[in-house]
Structure formats: C-alpha cells, structure tokens
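Here is what each chain is made of, one letter per residue.
Protein chains: 2
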Amino acid sequence: MNKIINNPSEVVNEMLAGMIDAHPDRLALLKESKVILRKEKKQNKVALVSGGGSGHEPAHAGYVGYGMLDAAVSGNVFASPSPDQVQAAIEAVNAGAGVLMVVKNYSGDVMNFSMAAELAEMDDIEVAYVVVDDDVSISKTQKNAGRRGIAGTIFVHKIAGALAEQGAPLAEVKAVAEQVIANTRSMGMALSACTVPEAGRPSFSIGEDEMEIGMGIHGEAGIKRCKITSADEIVQALLDPVIEDLQLQSGDEVALMTNGLGATPLMELYIANHSVSLQLAKRGIAIGKTFVGNYMTSLEMAGCSISLLKLDSRLKDLLNAPADTPALHV
Amino acid sequence: MNKIINNPSEVVNEMLAGMIDAHPDRLALLKESKVILRKEKKQNKVALVSGGGSGHEPAHAGYVGYGMLDAAVSGNVFASPSPDQVQAAIEAVNAGAGVLMVVKNYSGDVMNFSMAAELAEMDDIEVAYVVVDDDVSISKTQKNAGRRGIAGTIFVHKIAGALAEQGAPLAEVKAVAEQVIANTRSMGMALSACTVPEAGRPSFSIGEDEMEIGMGIHGEAGIKRCKITSADEIVQALLDPVIEDLQLQSGDEVALMTNGLGATPLMELYIANHSVSLQLAKRGIAIGKTFVGNYMTSLEMAGCSISLLKLDSRLKDLLNAPADTPALHV
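Note that the protein sequences, when read in sequence, are chains A and B. Counting along the first sequence from 1, when you hit position 284 you're at 284 in the working numbering, and nothing is skipped either side. Counting the second sequence from 1 gives a position; the working numbering is that position plus 1000.
Keep in mind the hints are simulated off the structure, nothing from the lab. Certain hints may be false.
[Unchecked claim] With a straight-line Cα cutoff of 27 angstroms, these simulated BS3-like cross-link-like pairs (lysine-lysine) come out:
#, chain 1, residue 1, chain 2, residue 2
1, A, LYS282, B, LYS1031
2, B, LYS1041, A, LYS289
3, B, LYS1289, A, LYS31
This structure is a prediction, so every number in the text was calculated from the model and none was measured.
One chain only, chain A, in its complex shape (with noise of 0.2 angstroms):
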C-alpha cells in the first residue's frame, strides 16, 4: 500500500496527535473520543461542532478555531463516529449558550449525531444540529437519503462561526447556518480511486484516461463515467447543474469554493478556477470571495468539486469576519 502510516488500525490517531504536535498553542484533543478542541473555551457563547469519518483533512479538525468550530469528531476513515463520541464533544464545548452541530448528509452521521442531541439533553445541554446536503450530483426528487453533504460544508462553518463568535443565539445561529445550507450547491469529479488504509485496495477503479462526473467523497457512483475532457469541459459540467440548481441569475453574487480532493495539483485547482471565474462572468454573475485548495478531500484521490454559496450582503460579511484556523484563515 502506497502509504506514510505505520498501522492502518491506528491512522486515526496518530493524525490527531500529529495535529495537536503542529498545534499545541491552540487545539486540544480529547484522545478516547476522538475529539479535537479549541485550547480556550470562551464563555456564553454558542458552540459549534462538527465530524464525521476521517479521510477527508482538514475537514473537519482543522477548522476548529477561532470563528469557526468549537469541535469535531473524526470516525474512522468513512465511518461515522459513534453517538457517545459526539456526546463526548458536546459536553467538552457546551459553555452555557447551547451546541449547534454542522453535520453532512449520510445516513450513520445523521444517526449518531442526532442521538448525541438527545443524550446530551438529558444532561440539560440546548442542542441543534442543521444538515448539510449541497451534492447537486443526486436529484432530490429520488428515493434515498437526500443529497450528500461535501465541500459547501466549510461555508456553513465560517458563516455560523462567525456569528456564535459575535454572540448571537443558539436559534440565530441555526438560522443562519440553514441560510447557508439553502443557498449553496457542490458538484465534484474525480479522476483516480483512493484506498481507505484498512481496506489496503482502492475501493472501486478509474481507467487511466477517464473520469466520473458527479461522484461522492467516498467514492460513491456519480452521474456519468467519460473520457477525459478539457478543463474547460469539466468545469462546465459540475458549474451548469450547480448554477441552474440555485437558479442564479445575471446580477447574482457567490462565494465560490475550487476544492481539491487530494491528490490534485494546485496548478489544477487554479487552472479550473480561472475556468469558473470565465464562465460566472460570461453569465454575469459575480464573485464576492473565493477559495481555492484542498477544503474537502477524500485520502489521495485526484478530482475537484466546485462549490457556489449565493451571497447576500449579510452573509458576505460573515464570511469576511475574521478567522483563524489551521486550514483557513480570513
């Protein structure tokens, strides 16, 4: 396995240790829970916490700090954490204002954190959670889960960070937070297979000159499987769905997210960047903040997904009000 671990069964922790060694002045962990904390709790205000299954650094731990998330709880790679490791988190961040949970929409995520909800209320914490579902690639209209939460995740912890850091309530938050949920869309690509360590063989195959448009963060089926085509070609087919998705019109503003899955060069984020930049202005839609990088990947595959959250001038100040993070700063 072409790897830098020492034991699979334990990659989820080494990584948080290597984390909190990077980091000591700001994070903490909490190591039986998998949880990494911001070293200093600030009183009355609302926390905020986040997680999922490990694989897809630096969501969610590195977005633990000031104006954006309190916690997160990292599973196993692609696995859930489990409800009493969320409760763990929830209790560690509670400071008097309430916890609200980001989580992204799969089934055992939605589970788990939601019955860390109800068990951190029997111990008389005030808790919310939103659910975040930006994957234009899955039509709402079909039977199944919904739609997967990937990369559009990061704008609802900057926006809902932003404003727990001003003070705001549990229930302002949470507004806000589903604000950001209903106004962004994602769609992502990818062009090679990763390997979940434990498994030690990728989990499904790409052939060498194609790509699948529209697949998940874990590797999940997309929406076409072609030749390679152009960048230009690419960003067209993950920007028209998302585009149409939010029925954005000429006038509209975004932030937009150009997102790697892993194992893309930035030299590739930038060129598909400047390919989104050409294509919203084409259609006269402007672009109020961007950023390009690995937000959301999944281990080493090699993809992208382009993220769109539409902009009021409130929201656009939350996502300019400062943060500080080790994955993203404003």
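Given the coordinates of chain A, assemble chain B onto it according to the supplied hints.
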C-alpha cells in the same frame, strides 16, 4: 493524461490567471513576464523576489504578500524563468531600498537570476541574492552543482520577509537570509512519479510497493530505492541525516516543516509529523514552530519532505512575526 488542464503549453498562464481570479484584492500579475506581485507596493522597503520553475505550487507565488515575498517569477513547469522575466520582477518591486532574490540552487535558476541582477544593476537598482541549498541527500563534497534547494526555502521567505517588513536595510535582510540557509536542512522521499504536462508521461517510474529516499522535487534520483516501510522508518531515514548535518544537540530548538509533495493526503503528513515530533523529543530537541501541509510540491508526486531550521531567539521572533499570503499565515 490524468490532469485537469486545457492546453499543456498554457498551464502556467492559466494557473496565474486563476490565482489572480482568486485573490483580486491582494495580487497583481505582469502577464508577459509571468510575475505575481503584491497589489500594493510599500515604499522604502527592501523587496523580496523569488521564483523558479512552475509545478511546485504554492511555491512561490503563494508566498507573495505581507511579511513574505513582494514578487514571484514563474518559469515553465520545472524550467527556470528567463533573465528578462526576473528583471521585470525586480523593476516592478523596487521601492528604493534594494531587492533581495531568494534562489533555489539549480544551475539554470542561479544563472538566470544572477544575470537579471546584473541587468537591473545597470539600471541602478541595488540587487543581492542568496542561494538556498537545504537538501542533505546530496553530499556537499561531491563534484556537482551542490545541494538542491527544496522546502527549506519557505523558511528563508518567511524570516527575510519579516525582517524586510520591519524596515531593515538590504545588507541585514541578506545576512538573516544567509543565516537561515546555514541553519536549514531538508530531505525528501517519493512514493510515485509525476507528469510534466508538456511531456505527457511520467519522467521516471517507481514500483507499486517501492519508494525512493532522497529524491528531488523534479524527480532527481535519490540515495536509495527500496520497499515502502513504516512512517516511523521513513521519517527516521529523512530525519537522521538532517539532524546529523545540522549537528543538533539535546537542548536545541528547531522549526519543523512536514511538507507534502502534492498527492500525499494531509492524514499521512500528520502521521509523519507525529513521528518527527516523537523522534525529536527522544533526542531532547524542542520544536518551536511546526508547519504541516503542501508547501513545496512536485505536481502530483506522492511523498513528503522534512525540513528543520535551527532557531535562536531572533529567528524565532521573525518566524512568528505576522505574515499574510495566500499559502501561509502567521
């Protein structure tokens, strides 16, 4: 070719355009010369210029901004920029206090940057340069072009940039850059090859279960090709020569960069970083600051490098001084 690109001969131009699209408020582009500049010029500050072949992103354009570089010059992929390009950068950033160029030790870069310095001096601009040669995989006594410059270069950008920002004169900024170079060593390893877009196929190959220790950031041969071992053993193979060459002792303090070459997931970099931290602790060497991420890459090469900078209190202060660039914030 497994890449998100349009035209192999346009990758650098489109990448630079995508950087400007992402950072229109802070970066500007000299299109003809492929130079990325800070949008605002600070008068009477020593200006820092770096650059080299493309394919190492975020190096170097990602380090243009407050507290680090004033300009970065991009050659084609893995090819030095021309003297004319470098001269254009020098002339654009000169703010009356002279220009320091930070050059990685490759013969093309050294030749073209030094020729540019001569050209600029004919225009009465004071120009100095330093050459970074941190890669310990090559012995200094070998009859060759000397050690290569790799990820340790970022420490030079950071510290010389901080001192320039504080208003120090050119001779002092050059001296601190030379101190950082004298105190920095790195070594890397690769798990897979990379493909230069215009070549269209990998420039070398590594077997499925093999790795190469000491490999350069353009795929230059390393010192040992062998079966992949554990993260702890890989780290030891990189770290021991670095520590020995720096003659580090128990009680010393270092800055640490655990750098990814492009396709290695952050999970593995944090695992490697944990291993480095444990091995340094065992030797009684303190870590004053840690950077983990893709800082100096080789397109989609999988692998990592480890860089150590031996600190004193002044270097530590400069390393911790504020920096605000697309790829590095302090």
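Does the structure keep B:LYS1289 and A:LYS31 at a Cα separation of 27 angstroms or less? Satisfied, since the Cα-Cα distance of roughly 22 angstroms is no more than 27 angstroms.
Between A:LYS282 and B:LYS1031, does the CA-CA distance stay at or below 27 angstroms? holds (22 angstroms)
Quickly compare the C-alpha distance for B:LYS1041 and A:LYS289 to 27 angstroms and report which way the hint goes. Roughly 23 angstroms between the alpha carbons, so the hint for B:LYS1041 and A:LYS289 holds.
Figure legend: structure checked against the earlier numbered hints; every hint is met.
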